[in-house]
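A.B. asks: Going down the list, the protein sequences come from chains A and B.
Okay, so the first sequence: first residue is 1 according to the working numbering, each after it adds one.
Okay, so the second sequence: first residue is 236 according to the working numbering, each after it adds one.
Please keep in mind that the hints were generated in silico from the structure rather than gathered at the bench.
Ideal placement from N, C-alpha and C gives every residue a C-beta, glycine not left out.
Some hints here could point you the wrong way.
Here are the simulated distance ranges between beta carbons [unchecked claim]:
id, chain 1, residue 1, chain 2, residue 2, range
1, A, G120, B, D435, 32 to 38 angstroms
2, B, G265, A, E45, 51 to 57 angstroms
3, A, G187, B, I437, 56 to 62 angstroms
4, A, G163, B, K296, 39 to 45 angstroms
5, A, R39, B, A292, 31 to 37 angstroms
Over 12 angstroms on every C-beta distance to chain B, these chain A residues come out as not near it, computed from the model [said to hold, decoys possible]:
id, residue
6, T49
7, C52
8, D67
9, S181
Protein chains: 2
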Amino acid sequence: MSQINAKKAIILLSGGLDSATTLAIAQSEGFECYALSFRYGQRHEVELTAACRVATALHAKEHRIVDMDLAAFGGSALTDTDIDVPKDRPDLSAGIPVTYVPARNTIFLSYALAYAEILGAFDIFIGVNALDYSGYPDCRPEYIAAFEAMANLATAAAVEGDGHCRIHTPIIQMTKAQIISIGVNLGVDYAMTHSCYDPDEIGRPCGRCDSCQLRLKGFAEAGLKDPVEYTADKN
Amino acid sequence: MSQINAKKAIILLSGGLDSATTLAIAQSEGFECYALSFRYGQRHEVELTAACRVATALHAKEHRIVDMDLAAFGGSALTDTDIDVPKDRPDLSAGIPVTYVPARNTIFLSYALAYAEILGAFDIFIGVNALDYSGYPDCRPEYIAAFEAMANLATAAAVEGDGHCRIHTPIIQMTKAQIISIGVNLGVDYAMTHSCYDPDEIGRPCGRCDSCQLRLKGFAEAGLKDPVEYTADKN
Chain A
1 MSQINAKKAI ILLSGGLDSA TTLAIAQSEG FECYALSFRY GQRHEVELTA
51 ACRVATALHA KEHRIVDMDL AAFGGSALTD TDIDVPKDRP DLSAGIPVTY
101 VPARNTIFLS YALAYAEILG AFDIFIGVNA LDYSGYPDCR PEYIAAFEAM
151 ANLATAAAVE GDGHCRIHTP IIQMTKAQII SIGVNLGVDY AMTHSCYDPD
201 EIGRPCGRCD SCQLRLKGFA EAGLKDPVEY TADKN
Chain B
236 MSQINAKKAI ILLSGGLDSA TTLAIAQSEG FECYALSFRY GQRHEVELTA
286 ACRVATALHA KEHRIVDMDL AAFGGSALTD TDIDVPKDRP DLSAGIPVTY
336 VPARNTIFLS YALAYAEILG AFDIFIGVNA LDYSGYPDCR PEYIAAFEAM
386 ANLATAAAVE GDGHCRIHTP IIQMTKAQII SIGVNLGVDY AMTHSCYDPD
436 EIGRPCGRCD SCQLRLKGFA EAGLKDPVEY TADKN
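So here's chain A without its partners, still in its complex pose (with noise of 0.2 angstroms):
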């Protein structure tokens, strides 16, 4: 596809399975993709190693990775290796666990305003999923909606009458395995992708987390093979 004269529009990366596949999309429909990703004082690098991987391999216009300190707050077991990370949870859906980390997708939306602002962008893509997902209060259309409204609030350019900012959320109301099925029609090779919570000492993930579970439920029913290896292999 021609890039020429393409919108613009920022994308949250995080460099798992479910942001890839909103790059994948935002490209699809023809957007000109910057990536951004956050170095938030997660546990581990891998996830943005993979960010990294995932922006190349999609051709993103370009990709920025943010310092930023959320670990200063403590509160989460992503950020704070005090809490440990839960394992074999038989129930996903029951209450908000302790990976969740205050106000992220808040902070993270943030930061893609400033940049769509700076780059004279009015679309920002996010990967978020109010379906197979871990109870983040921050991942539900009612919160996205509340965000895009304050947005356009916000920015000079909303003061200004420049453009209507718009927080897409193609994922939304997805499953995982519908999720995999459209990124692999996109030529989304998910073997770039992370998703766990707690890999071991050279990246692979653990197969137990909220993150592996749902990845691996989602490639089951979508009946393929998760191309990733885990530490006690799980396909």
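Position chain B against the provided structure of chain A, taking the given hints into account.
C.D. replies: Relative to chain A, chain B alone:
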């Protein structure tokens, strides 16, 4: 005033006149105050030094400084040394100036929301002002209301019904002179504060940028002398 069982509040504290007054107001309303500042790629550290002085003098319970990387995106005279800070602007209400930092208040409030959620707080104070201000979109009441609506959908506490998040803007409709008068009555020593966008090498304010102009006008209208020493003394 007793702080026993006081409600916790987060106060965004830049070290300037407005946020110092806002902290004093929050204290006077009986909140236990957690001050939050940012090292966001400002051209100078003077304002963070001021924030530390103010937090101590006004008895904040805690003061956190979060490192962040707004300069990575560029686009503002406050974070990009290639852009000159405007001086002696005759009409401060004419359009949005180059000192505007894209989405800055949205990012600051997002961090405040994270900090609040971790502390179990539901009150956030921000010293925005929509009267004697520089035309920034993210200082307007309608923007603050939209952020508050979003915040109440963003957090685990909001989903679980533990409390309603409120963004307090006690000085939003005050003139600079009113802000200064109230602060003086509450015991704020404005000699500790720093407002200038472009201080000299020993940290003295220029007296000519928008922020200095608004401050000097406020002191003049309040019938008071600004206790800080300017590069070319304006008092």
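A.B. asks: Which hint numbers doesn't this structure obey?
C.D. replies: Violated hints (numbers, rising): 2, 8; every other hint is consistent with the structure.
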